[in-house]
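Residue numbers (this note's numbering), protein chains in the order written: chain A, 1 to 343; chain B, 1001 to 1325.
Hints may contain errors.
Mimicking EDC-like on lysine to aspartate or glutamate, the simulated pairs with C-alpha atoms at most 20 Å apart in a straight line are [said to hold, decoys possible]:
| hint | chain 1 | residue 1 | chain 2 | residue 2 |
| --- | --- | --- | --- | --- |
| 1 | A | K308 | A | E297 |
| 2 | B | K1159 | A | D336 |
| 3 | B | K1222 | B | D1203 |
| 4 | A | K176 | B | D1055 |
| 5 | B | K1321 | B | E1230 |
| 6 | A | K215 | A | E241 |
Hints were generated in silico from the structure; no laboratory data involved.
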Amino acid sequence: MRAEAPVKKALPKSLTPQRLVELYRKMLLIRRFEEQCAPAYRQGKMGGYMHVYIGQEAVATGFIAHMRDDDYMICSYRDHGHALARGTDPRRVMAELFGRYTGVAKGKGGSMHLVDVQRGFLGGYGIVGGMVPLAVGVGYGIRYRGTDQVCLCFFGDGAMNIGPVHEALNMAAVYKVPVVFICENNRYAMATPIEFASAVPNLAERARQYGMPTKQIEGMDLLEVYQEAEEIIHHVRHTPEPFFVEVLTYRFEGHGIADNPTNQALYRTKEEVEYWRQRDPIVNTARFLIENGIASESELLEWDSIAKQQALDAVAFADASPEPPLEELYRDVYTDMEVQEWR
Amino acid sequence: MALITYREALRQALTEEMERDPNVFLLGEEIGRYQGTFRVTEGLLQRFGGMRVVDTPISESGIAGMAIGAAMIGLRPVAEFMTFSFALIAMDQIVNHAAKILYMFGGQIRVPLVFRGPAGGGAQLSAQHSHSLESWYAHIPGLKVVTPATPADAKGMLKTAIRDDNPVIFMEHAKLYSTRGEVPEDEYTIPFGSADVKRQGEDVTIIAYSQPVLMALRAAEKLAETEGIECEVIDLRSLQPLDMDTILGSVRKTHRVVVVHEDHRNVGFGAEIAARIQEFAFDDLDAPVLRVAGADVPIPYARNLERAAFPSEEDIIRAVKRVLA
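Sequences are here, hints too, so could you generate the full structure?
This is the structure in structure tokens:
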């Protein structure tokens, strides 16, 4: 694991200080938003599994920053960060987590199935690796129409051990679809370490045989992710061919809400978590902003309090929103056909 | 009317829909250069090119997923499974993705696609290649399930399937591909959820779909000739949606029902039909609803055993006599 890489000392050419501040504030919003989730869950405002992205924010933020309005993205169930990075209204995301009618999917999908069609976000999916074949279809559709759009497909290290992902990677290369496969390697598939689950733990190495370019990059440093993502997405948009990128990252919290510190002790040490927390992408980026004179301490405090306020506002909005009406139970099963009520 | 095969009828439907709508494309194993394992797609690669007639690796999950993804952004893929026995590999994509996407995203993403191919057995393909399993798909909210028995129905319903905005499971039967039937020359479609009374009768209602419809019609003719028993044969044509009105109308006329399918009897689609008939027309029944279905065994290879595992005309005749006894 090469996570010790020092924080970058210079801004990439294409990144203005102003844009960096925007991205920093995006990460901050994701963090503050998700910090509201566990308490709301404990109060019974949410159900389900609830997987937070805390620690991995630089990955979604750094890649999605390069998406055009007409590009697509698709991801796994750990999807709050991706939706917020893409610009989905935090109120509607929180309302979805609360199972309310104002949520992004009318409260019918929940935490694992966020979506934002207007922004090309084709959804979060709950079956590990299940959406990777879908990304090939999206990429094929792009090729079919002959546009220069791309599709970003985010999944975890656990997905590398499920068969359909390998069918999809091969087919992506066979049809040369413009898809960036972004494997967020946070080192654990639930509690199973990647070294145990993958005979070749270097996942970029493992993907190399599929006949597409691959790369392993650091995921804890926003600047590094941003710069690498820019090159990769540019390549895929203009070549076109798929690209597999393994991003080394870490989740500071458990796999899901039930994976509490007692359970986590069964698979990782406090020291290990502390080691990675030292590489917190938000703290790192804040330090960069200060050291390079891009922001002042008071600005950082102000942005933090705005992010916190946005998160609290999202909670208040969700809490005040109505549940979906009972008719919704039978809606959307088919586009054109009623389903008989069972009572 | 033209007399053509079931296979040609399917090909006509694919061709006409591809001519009509540039968003329609085909993908599957051996459908292009090899012209289709059952020759359904013969000539289509030459006619429409490799972008619209896509040969795939042997990757059923990949095929299904690719079709779903393309459908999500507005294309209309028609994915062929070489047989529905191989679709089992793609079950997660079909059940947990295609069937769920509209609902779990609150109605915002449509998945207009067709999964088609042969189902069923009868060619000594033994245990792993003889599945029907239409009841599995009909069990899943979000999927439509279509099982045409004649060339005319196959053509009209495949066109409807391609135009449908939902995932459609379109099950053909390998034994039907070479059967012939009259097909209208003019453009037509056949809606889902409308059963076809393929033979009128007063004494017993036989409900069937796919290849067993032909068997039921032959059994009905024999019963009329030799016993003077007049069977009404209903071809369901689609299982989801299911045309209960036609079924119940016939039950109210004959008061006796035999359901026929090739799929296993246990928890098969016949059980659903029998349950609904007793629920909605209990007082109209003069006898229990009987099922003639595949044996509850893995399908064996030996010709005599395989024959015994699938329903036959004789089984249907016996059941009709029993339901009248």
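Here is how each hint holds up against the structure:
1. A:K308 - A:E297: Distance of about 17 Å is within 20 Å: holds.
2. B:K1159 - A:D336: 17 Å, holds
3. B:K1222 - B:D1203: It holds: about 14 Å lies between the C-alpha atoms, which stays within 20 Å.
4. A:K176 - B:D1055: Holds, because 14 Å separates the two Cα atoms, which is no more than 20 Å.
5. B:K1321 - B:E1230: At roughly 11 Å apart (the allowed maximum being 20 Å), B:E1230 and B:K1321 satisfy the hint.
6. A:K215 - A:E241: 14 Å, holds
The structure fails none of the hints (numbered hints given earlier).
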